[in-house]
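Make one complex out of these two single chains by using the hints.
Residue numbers (this note's numbering), protein chains in the order written: chain A, 910 to 1714; chain B, 170 to 333.
It is possible that some hints are incorrect.
Unchecked claim - In silico PhoX-like links for lysine-lysine, alpha-carbon gap of 20 Å or less:
| no. | chain 1 | residue 1 | chain 2 | residue 2 |
| --- | --- | --- | --- | --- |
| 1 | A | K943 | B | K183 |
| 2 | A | K1330 | A | K1354 |
| 3 | B | K316 | A | K1584 |
| 4 | A | K1366 | A | K1376 |
| 5 | A | K1366 | A | K1232 |
| 6 | A | K1584 | A | K1357 |
| 7 | B | K183 | B | K227 |
| 8 | B | K316 | A | K932 |
| 9 | A | K1521 | A | K1495 |
Said to hold, decoys possible - Taking CB as the label site, the calculated pair distances span:
| no. | chain 1 | residue 1 | chain 2 | residue 2 | range |
| --- | --- | --- | --- | --- | --- |
| 10 | B | R192 | A | Y1113 | 40 to 50 Å |
| 11 | A | D1360 | B | P290 | 31 to 41 Å |
| 12 | A | E1321 | B | A332 | 52 to 62 Å |
| 13 | A | G954 | B | T214 | 42 to 52 Å |
| 14 | A | Y1468 | B | D254 | 35 to 45 Å |
| 15 | B | E190 | A | M1634 | 20 to 30 Å |
| 16 | A | Y1468 | B | E296 | 22 to 32 Å |
| 17 | A | E1090 | B | E296 | 50 to 60 Å |
| 18 | B | L188 | A | N945 | 20 to 30 Å |
| 19 | B | D254 | A | T1421 | 18 to 28 Å |
The hints are simulated quantities; they were obtained by calculation from the structure and are not laboratory data.
Small disclaimer: the values here were computed from a predicted structure and weren't measured.
The C-beta atom is built at its ideal place from N, Cα and C for all residues, glycine as well.
Read off the chains here:
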Amino acid sequence: MKDLNEEQQERAAGLKGLGCSRKRVEDARFTQGKGNYVDDIKMPGMLHGDFVRSPYAHARVKSINTDAAMALDGVVAVLTAKDLEPLSLHWMPTLAGDKQMVLADGKVLFQGQEVAFVVARDRFIAADAVELVEVEYEELPVIVNPFEALQSDVVLREDLAGQTEGAHGPRKHHNHIFTWEVGEKDATEQVLGDAEVVAEETVYYHRTHPCPLETCGAVASMDKVNGKLTVWGTFQAPHVVRTVASLLSGIEEHNIRVVSPDIGGGFGNKVGVYPGYVCAIVASIVTGVPVKWIEDRMENLMSTAFARDYWMTGKISATKEGKITGLHCHVTADHGAFDACADPTKFPAGFMNICTGSYDIPTAYLAVDGVYTNKAPGGVSYRCSFRVTEAAYFIERMIEVLAIELNMDAAELRRINFIKKEQFPYQSALGWEYDSGDYHTAWDKALKAVDYEGLRKEQADRVEAFKRGETRKLMGVGLSFFTEIVGAGPVKNCDILGMGMFDSCEIRIHPTGSAIARLGTISQGQGHATTFAQILASEIGISADSITIEEGDTDTAPYGLGTYGSRSTPVAGAATALAGRKIRAKAQMIAAYLLEVHDNDLEWDVDRFVVKGAPERFKTMKEIAYAAYNQAIPGVEPGLEAVSYYDPPNMTYPFGAYVCVMDIDVDTGVQEIRKFYALDDCGTRINPMIIEGQVHGGLTEALAVALGQEIAYDDMGNVKTGTFMDFFLPTAWEVPNYITDHTVTPSPHHPIGAKGVGESPHVGGVPCFSNAVNDAFRAFGLRHTHMPHDHWRIWQTANRLGLHD
Amino acid sequence: MSNKMHIKMTVNGKAEEFLAEPRELLIYTLRERLNVTGPHIGCETSHCGACTVTLNGKSVKACTLFVAQADGAELTTIEGLGTPDSLHVLQEAFREHHGLQCGYCTPGMITRASKLLEENPTPTEEEVRFGMAGNMCRCTGYQNIVKSILAAAAEMNAAKEAAQ
Chain A
910 MKDLNEEQQE RAAGLKGLGC SRKRVEDARF TQGKGNYVDD IKMPGMLHGD FVRSPYAHAR
970 VKSINTDAAM ALDGVVAVLT AKDLEPLSLH WMPTLAGDKQ MVLADGKVLF QGQEVAFVVA
1030 RDRFIAADAV ELVEVEYEEL PVIVNPFEAL QSDVVLREDL AGQTEGAHGP RKHHNHIFTW
1090 EVGEKDATEQ VLGDAEVVAE ETVYYHRTHP CPLETCGAVA SMDKVNGKLT VWGTFQAPHV
1150 VRTVASLLSG IEEHNIRVVS PDIGGGFGNK VGVYPGYVCA IVASIVTGVP VKWIEDRMEN
1210 LMSTAFARDY WMTGKISATK EGKITGLHCH VTADHGAFDA CADPTKFPAG FMNICTGSYD
1270 IPTAYLAVDG VYTNKAPGGV SYRCSFRVTE AAYFIERMIE VLAIELNMDA AELRRINFIK
1330 KEQFPYQSAL GWEYDSGDYH TAWDKALKAV DYEGLRKEQA DRVEAFKRGE TRKLMGVGLS
1390 FFTEIVGAGP VKNCDILGMG MFDSCEIRIH PTGSAIARLG TISQGQGHAT TFAQILASEI
1450 GISADSITIE EGDTDTAPYG LGTYGSRSTP VAGAATALAG RKIRAKAQMI AAYLLEVHDN
1510 DLEWDVDRFV VKGAPERFKT MKEIAYAAYN QAIPGVEPGL EAVSYYDPPN MTYPFGAYVC
1570 VMDIDVDTGV QEIRKFYALD DCGTRINPMI IEGQVHGGLT EALAVALGQE IAYDDMGNVK
1630 TGTFMDFFLP TAWEVPNYIT DHTVTPSPHH PIGAKGVGES PHVGGVPCFS NAVNDAFRAF
1690 GLRHTHMPHD HWRIWQTANR LGLHD
Chain B
170 MSNKMHIKMT VNGKAEEFLA EPRELLIYTL RERLNVTGPH IGCETSHCGA CTVTLNGKSV
230 KACTLFVAQA DGAELTTIEG LGTPDSLHVL QEAFREHHGL QCGYCTPGMI TRASKLLEEN
290 PTPTEEEVRF GMAGNMCRCT GYQNIVKSIL AAAAEMNAAK EAAQ
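Looking at chain B on its own, in the form it has when it is part of the complex (with noise of 0.2 Å):
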């Protein structure tokens, strides 16, 4: 169709380009053109997180973004933050903490933790709550959540530390 857009962007690293219309949500664009199906759709509203994404180095909600509006830009989801053989420090902490129950919102939590300590590598507990606050969960009344991110700063500090 004549309405479409010649779109590029970087998803964890890999080049995509396609065309697609304008009003395509981002969301969609990942979990159905790219088949990156790790942030999910909980409300398509902005308020509960689980389609989270890093684009361009910010954390955003990828359900109310036009595919448009990330035209020529860098995301990361989930699915680039670890590997199998070397899962990211947040990703071993959820586990280890019990973070996660369902799994519904963790991609977008996990994500979104890992900006967040970019952003702040100590942050206090209060920080945690207030950074994360833009991702919901339904399952774990966010006691562990918090604990996992606060344990996986603490690692990543002692291993920064180690290394200096």
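The shape of chain A in the complex, shown without the other chains (with noise of 0.2 Å):
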């Protein structure tokens, strides 16, 4: 880009375009309580539906008797798999390329799996009602691990019995999936054969849920008159789920309407179909009125959209000097009852192979082996790229792991296996080509901004310290260095459920120079109104606050896949971009046309066009706005409008350097955050305020998943962390202030050089966390010990090594 004289950085900075820290639009109505979220939609007549579910984990479904429910004065219906069945719906698809059933069809295979669906009056007499369905277990031996399943006699999956192909090949067990390899075996375990170190570990990546502040819920209007099905709800891809509803439904897809309202925090938990969102559409089919459902907070942590759940055991080799020469991972894969996980097609393990993370390591392999459980399904990206956290946590474990066997400073270790910066476009072992980075200059940064030397000897001199007996406080310093794997993606790739991962954006200009401009994404906090808008505001020199950014009805937007994987900027964006871009290209034929010179003969500049050389003949965009709708052009048609579907030519790779130091307390096991240090470069930064916010929000969900937060089962399947007493979401009381920092490389691919950030920090933060941790007890011989670390869990640890004695 030329350098801008004062006046044109004055006219750029009036447009509130890329690098401005905008204010929200969203917040006006936010702030004021005037928010549209799904379940402030109401509708006349609209009834409420409410589960009958398994208190079961496991159990086969001898009767269901709803008369009594039926009787109840204000009950209209009582939905089971019967009545389902006639319409096909009993069972759905997958995202994975299972089924799971909406309603019990024979067996529960969850605790709180979905057994009825009651509809009544209002959410009083519902609960009621739910109460009053009489459901006659047979109770059936419960496996929560994944292990044992793959031991086991009991079939969970009865109805895939016999079946040896699975979606993603072969199963090797009837409680078995999948089994999903990438890189080379054979040519890893001679690597790791001959190596001079080697060091092994199994991660645990405990499972955890998304749990935004919302719950998943939905309403559905079946216009009978019209055959319209008008379907609000918490989606995070609503023209997919248009596309499965019409699939499943036999409505034809232009006679379904889904509307994404405001939604209240998604972070992986709204991408999935849920029986929910079912029974809320045929319950409005069969009673001819609108329906709403809403979950509460036990059902969305007992049934909806888990993440992790991934048994990782890892090998790295290196020479004696501490370059690694080799990687082999293999994963179990506890995806519970059903494999409802929200991947790509053909990722049916994610994006887990960019488990080499930053690193130039020449040989690798992995494995995962996908396993059924008695637990609830999903299998969600929680507030990261399609497993990306899961790799990101284990390669970032083995480094600190390879660290100890080779007895070297970890930080040290990283650096002199960095990517390094001329190795971009880098082609990893697992087959991903990173598109650019700059890894030392974050890592150097970042250890000088945390004074990293200083830290590590106030550590030692803890260690002594603590020896000596004068303090019962250790301190670890947490390192993480992440690469993720963003903007999926392109279309020769990546799918879901057959459709291609591109993304779109319409611009319309109105006649007196402002905009609408819908998209395919849609936004859950992250502020695409403002930021979107942005974007635009640079491309067609229209400032930002004359754009409305429209997202979330499939009526209006163009088919998009929606919100998640943190694609928004790296695909939509481009999409915006390039769609504004067509926008200029048409302008300046009009301009050309109203200064009577020829299209070559005009230059952009910020927000008009110029003829080159005569500064002072120029059309504004305003200008040419109102001429493309009030003149006769010959060869252009009347009006500014654009279009553009973008399939990105690769993903995106967002780094960043973490650092975390942390006091422990070894006698009550209460971890303090005395300092969090984060540098993202997630390339070309579009509002520095709403990356840092981003930032924050995404280090807060990593400190607590690392730090207490997960979905805990006992042996019979019971879910032990249901509400908010037992599942850990920290308060502004347990959460410190960080320090945020950044380096600028941008994509080479994308039209703007954005990568996407909103889930860097919990990519990044969950390892420096738990690495945190580990480091404090380093010098007392601990090498790994599983998340997650609440106050018990460490004490436990410190208790193993003997620091209570």
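Below you can see the structure in the form of structure tokens.
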């Protein structure tokens, strides 16, 4: 870009375009209580649905008696699998090529599974009726451990009995789902066999839940007069929901309108299609009136969209000097009762093959075995791209373990293995092409900012003081350097249910020079209405304040695959920039006509086209917009609109360097975060204020996961963490202030060089917090301890290491 | 039905009178009966604070109060704090300092913060963090919420001083 003079800079600043910490346009309604979330939608005659759920994790359903419930005043219907079967809706396909029960068909496979759907005049009557539905169960043996599942004679999925081929290849056992392999097995084993040093560790990334503050829900309204179905709901991918609804219901797609209103956080929870949505739709079709279904918090935690539950066994080899030579990873992936992971079709373990991380590892192999257990289905990407947090956690723990094995400083070990700046675009051993990066610069900046050497010295002094009995607090220095893979993705290898993962933007410029743009994505708090207008402002020279952004209504927005996996900026953001460039190209023709010069005699100048060499002769975008509607221009259609569907040539690869300094009281297990420094490189920065906010939020969700948040089961398959009493969500009291920083390495293939940032802090944060805890005990012989590092578990670690003796 | 109670309450300065089952939860009274949808439901166990309203001068969580307990009460919700033409200082501050993202916790958060600043007009950061610990946010990591509240406190105090 050319340097702008002062006058041009002033005009550019007025646009509030790229790089401006523009205040959010969404905030006026949210701060005044005027958001419009799904539970705020009310329609005349609307009924309320509620589920009868299984108290057992594995049981045969012997009978369901709905008589008493139906007899209750105000109850309109009680649906069971038998009612859905004639419509072929008692089961539904999952995004992962499996199928799942909508309502219990003969048996239940996890605690909280949907058994019957009660429809009543209000929520209270529905809740009463749920209690009146009599279900007779016969308990079956429960398996909550995936390793046990692969040994057990108990067949969890009787519907798949005898099927040796699944959606992703052969099944080795009746509770096995798939094996997914990437990389070179033999070559990796050879490298490991010949290596000077090999470090091995099993790293469990526990089951947790995205848990947005707003639970999932929907309002379905079947208009029998016009044959139109409208569904409002908590959908991170409304267009895909429309397609799925059409395929499942047989209603033609043009007769279905899906709307995502304001969404109270998603974090992956609202990508999937849940039985509640299907039942609300069926209930509306059956009753002919709108039906609302809103899950409560316990239902949300028990039944919709868990995340993680990966048992990752790694071997990493290196020379004595610390140069990594090979990486071997095997994952046993607990998918619960149905394989309902929300990954691109060809990636049953998501992008777990980004597990070579930020390091130049010449040889690697990854195998993932998916397994059924008696737990809830899900496997969504909780604030990360598909399984990327698992991959980052794995490699960042393996690096730490290798550092212990080598008796090396973990920061130095990272430095000597980073992919070098000149190696980009870099082909990883597990098949990705990293677009751009400058890891050494970021790392050096981070270590300097925290005075890394000083921290290590202080830590060593603390260990000595501890040994002398002068303190009971240890100090951990947590490091992480992560590379994300986001912005799925190229249609050639990324699709969901066959729909290519492109995204879209459609722009209309109004005659008076303001605009509306609609996208295929949907904000859940990321501030799209603010930032996409900024992208466009810089492209077309209309102030962001004069551009309305709309998303989420499938009747008006162009088709897109939605918002998750940090794909909005990399994909829809690119579509926005390119649609803007189409507008500009047409505007140039109009300006040329108005100025009576050739198109090529004009140049773009912030918000106008100027005749080259004659700066006093120009037409502003506002003037051009008006001309587009009121002049008959030969060879140019009236109007000023454009649409762009963007198929990205590659993913983007944001990265970052994080350092956490933690003090741990060995007698109570209480950890205190003294400092957290986060350097993020997300390429071109659209709105620094929003980026910083995303980083704060992602780090806090990382803190939660690393230090206590889990979905835990007992041996009977009972969910032990079904409310906020047990499921850890940090409050303001438990969260530190974070120091944010950045470098800027633009993506070479993205139209504006942006990479996406929303999930980076979570991906980098989880290993950073965990590494801090592990590091605090390194001097006392600890290699690895599993998350979540709550006070009790930290105390146990200290105890096991003899620190209470 | 015979078990309905005659309830009176004032919500954001407006007198309301209706018959309700005593078990009706206050949050549903507000949201469904009175169409006051600013307060939200996040957990129904008093943990998250999305439903926070002010009842007779105290911050309460409307999801775990029966409407019967609010009979005769004076209630303020986010809708009663400011108007589009004259926003509450906190409403301005949350926007200015990016103290919200998805907006779901925001009505409860601001309503609670308004009480906090009445209880303690000059809080330290620690006091803000402690005083807001009953309100959960999944998006912001609280850093900018705390910043917003401290900024609002400073502004309110400056305005008070200027008026004296």
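Here is what the structure says about each hint:
no. : hint                         : in the structure
1   : A:K943 / B:K183              : holds (18 Å)
2   : A:K1330 / A:K1354            : holds (15 Å)
3   : B:K316 / A:K1584             : holds (18 Å)
4   : A:K1366 / A:K1376            : holds (16 Å)
5   : A:K1366 / A:K1232            : violated (25 Å)
6   : A:K1584 / A:K1357            : holds (14 Å)
7   : B:K183 / B:K227              : holds (18 Å)
8   : B:K316 / A:K932              : holds (15 Å)
9   : A:K1521 / A:K1495            : holds (18 Å)
10  : B:R192 / A:Y1113: 40 to 50 Å : holds (44 Å)
11  : A:D1360 / B:P290: 31 to 41 Å : holds (38 Å)
12  : A:E1321 / B:A332: 52 to 62 Å : holds (60 Å)
13  : A:G954 / B:T214: 42 to 52 Å  : violated (31 Å)
14  : A:Y1468 / B:D254: 35 to 45 Å : holds (40 Å)
15  : B:E190 / A:M1634: 20 to 30 Å : holds (27 Å)
16  : A:Y1468 / B:E296: 22 to 32 Å : violated (50 Å)
17  : A:E1090 / B:E296: 50 to 60 Å : holds (55 Å)
18  : B:L188 / A:N945: 20 to 30 Å  : holds (29 Å)
19  : B:D254 / A:T1421: 18 to 28 Å : holds (25 Å)
Going through the hint list in order, the structure does not satisfy hints 5, 13, 16.
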